[in-house]
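Please build the complex by placing chain B on the supplied structure of chain A, with the hints as guidance.
Chain order of the listed sequences is A and B. Read in order, the letters of the first sequence correspond to residues 1 to 565 in the working numbering. Read in order, the letters of the second sequence correspond to residues 1 to 615 in the working numbering.
Source of the hints: derived by calculation from the structure; they are not laboratory data. Ideal Cβ positions, reconstructed from N, Cα and C, are used throughout, including at glycine. Warning: the hint list may mix true and false statements.
As the list claims (entries may be wrong) - Restricting the straight-line Cα-Cα distance to at most 27 Å, the calculated cross-link-like pairs of lysine-lysine (DSSO-like) are:
#1 K352/B with K554/A
#2 K394/A with K220/B
#3 K604/B with K226/B
Stated by the list, open to error - Simulated restraints on C-beta separations:
#4 N561/A with E591/B: 29 to 37 Å
#5 Q514/A with G396/B: 35 to 43 Å
#6 G174/A with E591/B: 41 to 49 Å
#7 K387/B with A367/A: 19 to 27 Å
#8 T442/A with D586/B: 19 to 27 Å
#9 N506/A with P558/B: 40 to 48 Å
#10 P558/B with Q348/A: 45 to 53 Å
#11 N561/A with S289/B: 36 to 44 Å
#12 A367/A with S289/B: 38 to 46 Å
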Amino acid sequence: MSVPDAMPLPVAGVGEERKQAKEKEDAEKYSFMATVTKAPKKQIQFADDMQEFTKFPTKTGRRSLSRSISQSSTDSYSSAASYTDSSDDEVSPREKQQTNSKGSSNFCVKNIKQAEFGRREIEIAEQGIFYSGRESGNQRDLHDGVRQSVERQKQVASAEDMSALISLRKRAQGEKPLAGAKIVGCTHITAQTAVLIETLCALGAQCRWSACNIYSTQNEVAAALAEAGVAVFAWKGESEDDFWWCIDRCVNMDGWQANMILDDGGDLTHWVYKKYPNVFKKIRGIVEESVTGVHRLYQLSKAGKLCVPAMNVNDSVTKQKFDNLYCCRESILDGLKRTTDVMFGGKQVVVCGYGEVGKGCCAALKALGAIVYITEIDPICALQACMDGFRVVKLNEVIRQVDVVITCTGNKNVVTREHLDRMKNSCIVCNMGHSNTEIDVTSLRTPELTWERVRSQVDHVIWPDGKRVVLLAEGRLLNLSCSTVPTFVLSITATTQALALIELYNAPEGRYKQDVYLLPKKMDEYVASLHLPSFDAHLTELTDDQAKYLGLNKNGPFKPNYYRY
Amino acid sequence: MSVQVVSAAAATKVPEVELKDLSPPDPEPQLGMSAAAVAAMTPAAGAGDPEAPAPAPTSAPAPGSGSGPAAALSPAAAPPAGKVPQASAMKRSDPHHQHQRHRDGGEALVSPDGTVTEAPRTVKKQIQFADQKQEFNKRPTKIGRRSLSRSISQSSTDSYSSAASYTDSSDDETSPRDKQQKNSKGSSDFCVKNIKQAEFGRREIEIAEQEMPALMALRKRAQGEKPLAGAKIVGCTHITAQTAVLMETLSALGAQCRWAACNIYSTLNEVAAALAESGFPVFAWKGESEDDFWWCIDRCVNVEGWQPNMILDDGGDLTHWIYKKYPNMFKKIKGIVEESVTGVHRLYQLSKAGKLCVPAMNVNDSVTKQKFDNLYCCRESILDGLKRTTDMMFGGKQVVVCGYGEVGKGCCAALKAMGSIVYVTEIDPICALQACMDGFRLVKLNEVIRQVDIVITCTGNKNVVTREHLDRMKNSCIVCNMGHSNTEIDVASLRTPELTWERVRSQVDHVIWPDGKRIVLLAEGRLLNLSCSTVPTFVLSITATTQALALIELYNAPEGRYKQDVYLLPKKMDEYVASLHLPTFDAHLTELTDEQAKYLGLNKNGPFKPNYYRY
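Extracted from the complex, chain A is given alone in its bound form (with noise of 0.2 Å):
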């Protein structure tokens, strides 16, 4: 049973998405102006203007849900943004000379005196507490000051937390397993990613932090990791030419070399690459996070221009599961609860795609009642489908009898004109998948329909005989839209990430060549096995006996490569 640590990735299959993905980050670029050009306009009139952004996971190929920022630190974004980003402040930051207590002025943020509060939402974090959307929704109508809205906060407390990278903290804080690493990031700087980013020099490592989002920096998470003496390059807002200036800063710096990355779109990569190719000669390893950025490792790699191991942290078992089947399983509830306060029981639903997030949509749709029908094209999971007691059907099959339409192919223009033409009255039409090429949103953009906006998100497509759709969140993603990202599954992600440091940083030489690599099984495993606290779960251990019966290490790890879970 004797498994290799890490398998690259299988390649076939990735050379056909890689098309996909050149395309996805031309696309990607252009929803990058769009937001650019447009979000200043409006930055700050509408609550749901704000939302702009998360047209932003659509840079993702699939779904990574770390790649975008989770509502909740959105949330309380836009509840600090009612006083941080007060327009009077419209100095940049990089003309601001601003030191910390400890009197080192070696990072760029918004406003170091915010700092106290930063380290609030980061204990918040790490302790379990944070808000719900619901309730910071409330708080950024109320504007309140942010000391009311933290103790408010605090109130809508929450089991959620980032308990298994403070665990890993103090399990791994004797060994220092991390000690000489001078890791150089650049990922969104939330909450989350301080406690990640503060798990990390707990761990012995040396941060230089930027963000890989003009939008998603949380202004006093940057102040407070400032104040703590992380160098971070980071404020909400930035421009596209602060963007790489803030980059350059964590990475050109006189005597510090960095020898790690950890990057999210790879961004941070490419610019090493073009700007500063000689430091590749001390890194050791690039952890990257996003779909597009692991398609840029393998297009490195493919042209032979890879010359330091990558991780690509994304398809990792644990993570993939949740920001696929537990996340939307949870989130097409809320998310159309959100909206259209809809009951389930009863109502016929179609779902369009029968893959991970399939299989969760379904789950919650028929775990409270609702008649259940699939579209799917991939001949497995339709037998599936069929084995979990779906109807397979073809979507103008059902298209006029059912009440939801939910799309979940990662496809496009699954939902056409013609199906939102025969659709029944009051249809609710929304997409789970990726992107929003799923439902084929453009060709309701016609003189004949009306629009009528009934609420954020929500919008009633009306035609000249009076039947209206019900089309969410503009056919983008419902989750990301109209509903959390749990602070649980951010607490896999970074875990997942520090796991990889740890690895690529200790590996013995050799282990790893200059390819792109799954993270090994058995950082997979401890990554679960420091959320199994949270449910309270206990773990049965091998007694020698079985191990050597099994053919297998007591601790792991425990499934050959294959395994399908």
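This is chain B only, laid out in the frame that chain A set:
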């Protein structure tokens, strides 16, 4: 239902057989009697067994009359009916085989003493007690991980045992090897128990055809192309009605087949006869000796003027024989399709040793087959197996399921749906986290052992339930095994003088502690789903279709696609197996538009997922 029909046919036909079969002088009256006797006896043998329906005794006296179905059904339904005996354990001394079994980690019988104690019992009591025949349920324990197709289905078994009532009379002791038989076309290139049973066998095959629409659809779809034209396939599998459908499909697609049985007990004599009658050289009968077994394989392979170019194997015995005896044959062989875990391990060993000189395809690990063998099949058979043996209600019962792999997931889903309170034990943190997220409490066994009503093991491990656990269980706790082999529950530790064993019905033992506490042990810790439930034909259909497609793929692969290695079934073929089974559910698969296919970078006809996709 189908079983009843066949059995009825069999029962009514008995007199005819008596009249026609003249070769052994005067065996037949006894044969006929024995049929009636078995029919009559069975209810008694399975007394209290829920599987043996009440009507049997009354109808038994008139097997030839219209009441045949019920009479015939009772032997059919009797629990012993079923399974493939632990033939290999008894017959195969081949050290490689022993080793292989050990590698699989499968069975208690690996231990020499186990083999010694178990085997004679089976032989001795084989005909006496219906219950004892269940011994041969141990046979599937040979498989390392669960491979249901390695065992034969209960349904085929049922018909087999109903047939057994007349074909296996101890009177007809002449070995088929010594008989001269010809089919109606004058060919004698076969060796079966009794060619005259062909008609019954044909009816069984026809029934199986109804239940295997995928193979029939494949026959229709590919008949024009004859993708196996020129293929000479030598096969060694269980010979059941389902296999017969497979063989006839291969033949319809252009192949020539020669077939032997991969197990000395699993052959349905009448099906073998039907195949022989329609011109297939079949060498197999129920109750072969070890010597017969290899003789049959040899007869398949060693023919003047016919050399196989494909191998379909189940267990690796055929492959092993050819390697040992006719290594030159591999020059012409295009590929091996291997069905069982054991056989696949043998192939990997060969490949590792650099001795594999042709491509081989491991169909056991195809996605569709694995899901059906494990998740879907166990999801149903756990309830069925428990109901049949204990008649318990599941609602509100506290159940602990050890292991949350595919089998465990299936068991938990079914039990949860019935309203049970389910606890899970796991060693793998990823699976453990899955259990948590699916709403099951993850515990250690000793934390809940005092309070649970049912303990189900599906770990593939050994001694998961120890004597210590058993000592602490509450009164009338049910203990059973869905995993593999019979190692998971430490049954041997219960064979101590202070404990009383009481067999309350077939497959159900009460183990009684000195203080009066009883533990209900099912199937003596062997596989519950094989001992006390059925393998649906649908699952066998998945397997047979997978085998057929693997043969087509290997035979038609362009030079160089497959090297001398062990391959998994290509995803596209796997998807095709699934698609052939969709019509059963009246499922309507959506097709990609050209534009969508382009967007996704996929071929419109699949494969739709990368190889590492987890489903």
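Verification of the supplied hints:
no.	hint	result
1	K352/B with K554/A	26 Å, holds
2	K394/A with K220/B	24 Å, holds
3	K604/B with K226/B	24 Å, holds
4	N561/A with E591/B: 29 to 37 Å	33 Å, holds
5	Q514/A with G396/B: 35 to 43 Å	58 Å, violated
6	G174/A with E591/B: 41 to 49 Å	58 Å, violated
7	K387/B with A367/A: 19 to 27 Å	25 Å, holds
8	T442/A with D586/B: 19 to 27 Å	35 Å, violated
9	N506/A with P558/B: 40 to 48 Å	46 Å, holds
10	P558/B with Q348/A: 45 to 53 Å	48 Å, holds
11	N561/A with S289/B: 36 to 44 Å	43 Å, holds
12	A367/A with S289/B: 38 to 46 Å	56 Å, violated
Comparing the model with each numbered hint stated earlier shows that hints 5, 6, 8 and 12 do not hold.
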